[in-house]
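Enquirer: Listed below, chain by chain, are the residues.
There are 2 protein chains.
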Amino acid sequence: MQSFNPPVRTLMGPGPSDVHPRILSAMARPTIGHLDPAFVGMMDEVKTMLKHAFQTENAMTMPVSAPGSAGMETCFANLVEPGDKVVVCINGVFGMRMKENVERAGGVCVEVHDDWGKAVSPEKVEETLAANADAKILAFVHAETSTGACSDAKTLCEIARKHDCLTIVDAVTSLGGVELRVDEWGIDAIYSGTQKCLSCTPGLSPVSFSEKALDKVRNRKTKVQSWFLDLNLVMGYWGQGAKRAYHHTAPINALYALHESLVMLHEEGLENAWARHKSMHDKLKAGLEEMGIGFVVDEDIRLPQLNSVWIPEGVDDAAVRSELLNTYNLEIGAGLGDFAGKVWRIGLMGFSAKEENVLFCLSALKKVLNK
Amino acid sequence: MQSFNPPVRTLMGPGPSDVHPRILSAMARPTIGHLDPAFVGMMDEVKTMLKHAFQTENAMTMPVSAPGSAGMETCFANLVEPGDKVVVCINGVFGMRMKENVERAGGVCVEVHDDWGKAVSPEKVEETLAANADAKILAFVHAETSTGACSDAKTLCEIARKHDCLTIVDAVTSLGGVELRVDEWGIDAIYSGTQKCLSCTPGLSPVSFSEKALDKVRNRKTKVQSWFLDLNLVMGYWGQGAKRAYHHTAPINALYALHESLVMLHEEGLENAWARHKSMHDKLKAGLEEMGIGFVVDEDIRLPQLNSVWIPEGVDDAAVRSELLNTYNLEIGAGLGDFAGKVWRIGLMGFSAKEENVLFCLSALKKVLNK
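Chain order of the listed sequences is V and E.
Be aware that the first sequence starts at 1, since it is given in full-length UniProt numbering, and climbs by one per residue.
Be aware that the second sequence starts at 1, since it is given in full-length UniProt numbering, and climbs by one per residue.
Treat the hints with care, as some may be off.
Unchecked claim - Some, not all, of what chain E presents toward chain V, calculated at C-beta under 8 Å:
#1 M1
#2 A38
#3 M42
#4 G68
#5 E73
#6 R97
#7 H259
#8 E260
#9 H266
Since the hints were derived computationally from the structure, they do not count as laboratory data.
It should be emphasised that the depicted structure is a prediction, and the values quoted were computed from it without experimental measurement.
Cβ coordinates follow ideal geometry from the N, Cα and C atoms, glycine included.
Using the sequences and the hints given, assemble the complete structure.
Expert: The following block contains the structure:
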């Protein structure tokens with residue numbers, strides 16, 4: 001067995017995105033102990049910077065020590081008690097995964113369906129909550145990574161509040177890429193991933209919980225089914241002050257990387273990062289349209305960082321993606337689920353959202369498609 | 001906010017251990033996609049090398065994308081069905097954590113207690129299994145990180161088999177540090193961590209499951225309560241062949257690091273690594289005894305990689321550890337639970353198990369204790 005030297009790719013799929021060399025090099029800094037005072041200081045900085053990225057004052061804002069799927073499970077396993085009715089909006093793969101999470105936590109799932117590529121319909125949510133007065137939680141995906149559609153989180157949260165429901169929001173692909181305001185919009189529980197618009201390596205899941213959400217966790221009648229993800233325990237390690245109770249060994253070096261990516265986000269400015277994603281999308285869109293390639297998602301609800309486009313007729317999906325990967329070291333994403341074979345997903349996330357990538361991707365696609 | 005530059009410590013606590021520069025630098029290699037053919041090839045190598053490290057042919061041998069506690073939960077959440085009776089051996093912190101896991105999975109826990117610092121008693125296990133004919137699983141910790149005691153996994157597994165029980169074994173601190181033979185000893189489910197004797201960064205949990213264990217998972221009457229840790233789904237991503245079904249985004253760079261640490265283990269040879277841990281322990285022991293510092297655990301069941309020693313009378317635990325950390329950048333471990341304030345845990349794990357560290361640790365301790 002030999003050391004593994006990965007090829008140098010350009011990552012323009014649905015994530016991971018290209019990771020800035022500063023972040024990779026932060027990851028390789030010397031490991032220290034997970035209870036080292038120097039490490040505890042760094043944890044506090046990560047929390048502070050995450051709060052800013054989420055636009056929240058929630059004290060319970062921290063990265064779960066595992067990928068986005070575990071962040072999702074942290075929200076559902078802690079907030080859903082057996083028998084709780086949860087309204088789940090499904091307009092792509094990740095809404096379906098939310099349903100799985102509700103059921104495995106013993107909850108009762110009421111589904112609101114919208115077509116793939118469409119946003120969650122506030123009208124349907126309103127109707128469903130009105131018809132289910134005993135619903136306790138509304139769950140939806142802000143930025144559907146499987147389709148590239150952005151739902152109106154602010155309006156959906158307003159509706160949920162009106163019906164006395166907590167909200168669980170998937171922001172895996174939105175954090176750092178498009179407008180997201182946890183406090184202003186009244187989101188109660190939110191999870192994201194590090195490998196999308198934060199441009200960090202995959203493996204951590206930033207989450208944030210409102211006091212209202214934490215009250216529900218604190219007052220559960222049954223223990224959270226997961227020991228590893230139980231917020232009552234995790235809070236003891238990620239809590240305030242210098243005293244940290246050992247819970248699990250934090251992924252030290254991965255947290256160095258997240259810290260560095262958040263420093264870079266601060267240096268750029270959150271709103272500037274949102275604007276950059278939008279402006280790169282505009283450039284990519286112009287080039288794709290010139291090639292006659294059309295978008296799946298309507299412009300008003302389109303995520304700039306996740307561009308789902310129809311594969312031109314007669315084009316062999318897998319062959320094109322292989323040629324891009326093998327000849328140009330360029331990764332673009334395949335379609336998931338209903339969109340498999342029909343759609344490409346071109347990511348412009350974090351460090352990948354730059355003009356060099358846009359120009360390169362357009363030229364490589366032109367070559368391979370003989371346009 | 002500034003970039004975080006950690007102090008350079010010598011890590012001789014209960015883990016993380018010192019990480020070799022080769023492993024840190026592997027971690028900083030360019031991120032590629034989690035479905036990239038090059039990545040899938042690397043995953044297969046990780047599996048092959050982990051099988052060797054565990055001394056098993058189990059096809060289902062792979063790293064869980066989260067720390068050791070999540071590896072523990074993977075075993076219990078998949079193997080314990082509601083109502084299942086599980087005999088749990090408790091001789092330290094991690095046996096207690098196993099009990100928590102059993103109960104949260106809906107199992108019924110029967111406890112076998114041994115004193116902290118002692119090995120699990122095969123006689124008590126035999127008695128308990130004889131008295132609980134309906135028990136389905138025996139769970140115990142091979143190497144108790146909270147005390148430094150090693151239990152006789154081979155004998156315990158024999159007893160379990162005689163009573164038709166599956167076994168779940170915690171090998172977080174033993175893998176790579178002391179003899180461990182999954183197939184020969186007949187272990188059904190085992191989990192470890194990367195940050196101990198593998199000398200890798202924390203964040204992943206290597207696990208392995210026998211066919212008998214997987215049969216129980218496949219034939220469950222209820223779904224595994226965790227979506228993230230459900231082996232039925234994880235197998236689709238870590239399974240055989242080139243086809244991998246997307247489950248969650250793997251922590252790419254952390255896996256580079258694990259790959260490199262396993263390459264290094266192969267280069268050294270597994271049995272050589274075991275012997276090195278033993279020989280470093282002998283050197284440390286000689287020095288400590290010269291200073292009049294005594295061991296908590298009897299020599300015949302003592303883990304060479306985790307040295308629990310009694311804090312000399314009249315010595316201020318926290319003050320000594322602080323001085324070691326602040327003056328010499330040397331981390332040794334505090335006592336956990338019953339041992340808090342009474343015991344130090346000096347780790348000699350992986351890259352930390354070398355003569356430089358032994359000599360340095362002894363000299364620094366002598367200075368601080370004025371011996």
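Enquirer: Each of the hints needs a verdict: does it hold here or not?
Expert: Evaluated hints:
Interface hint status for M1 (chain E): upheld, as the beta-carbon distance to the closest one in chain V is roughly 5 Å, under 8 Å. Hint status for A38 (chain E) relative to chain V: holds, with the closest Cβ pair at about 5 Å, below 8 Å. Because the closest C-beta pair between M42 (chain E) and chain V is about 5 Å apart, less than 8 Å, the hint holds. At a threshold of 8 Å, the smallest CB-CB gap from G68 (chain E) to chain V is about 7 Å, leaving the interface hint in force.
Contact between E73 (chain E) and chain V, as hinted, is supported at the beta carbon level, the nearest pair being about 5 Å apart and thus within 8 Å. At its closest, the beta carbon of R97 (chain E) sits 7 Å from a beta carbon of chain V; the interface hint therefore holds under the 8 Å criterion. The criterion of a C-beta within 8 Å of any C-beta in chain V is met by H259 (chain E), whose closest approach is roughly 5 Å, and the hint holds. Interface restraint check: E260 (chain E) against chain V, minimum CB-CB distance 6 Å, threshold 8 Å, status holds.
About 5 Å separates the beta-carbon of H266 (chain E) from the nearest beta-carbon of chain V, less than 8 Å, and the hint is met.
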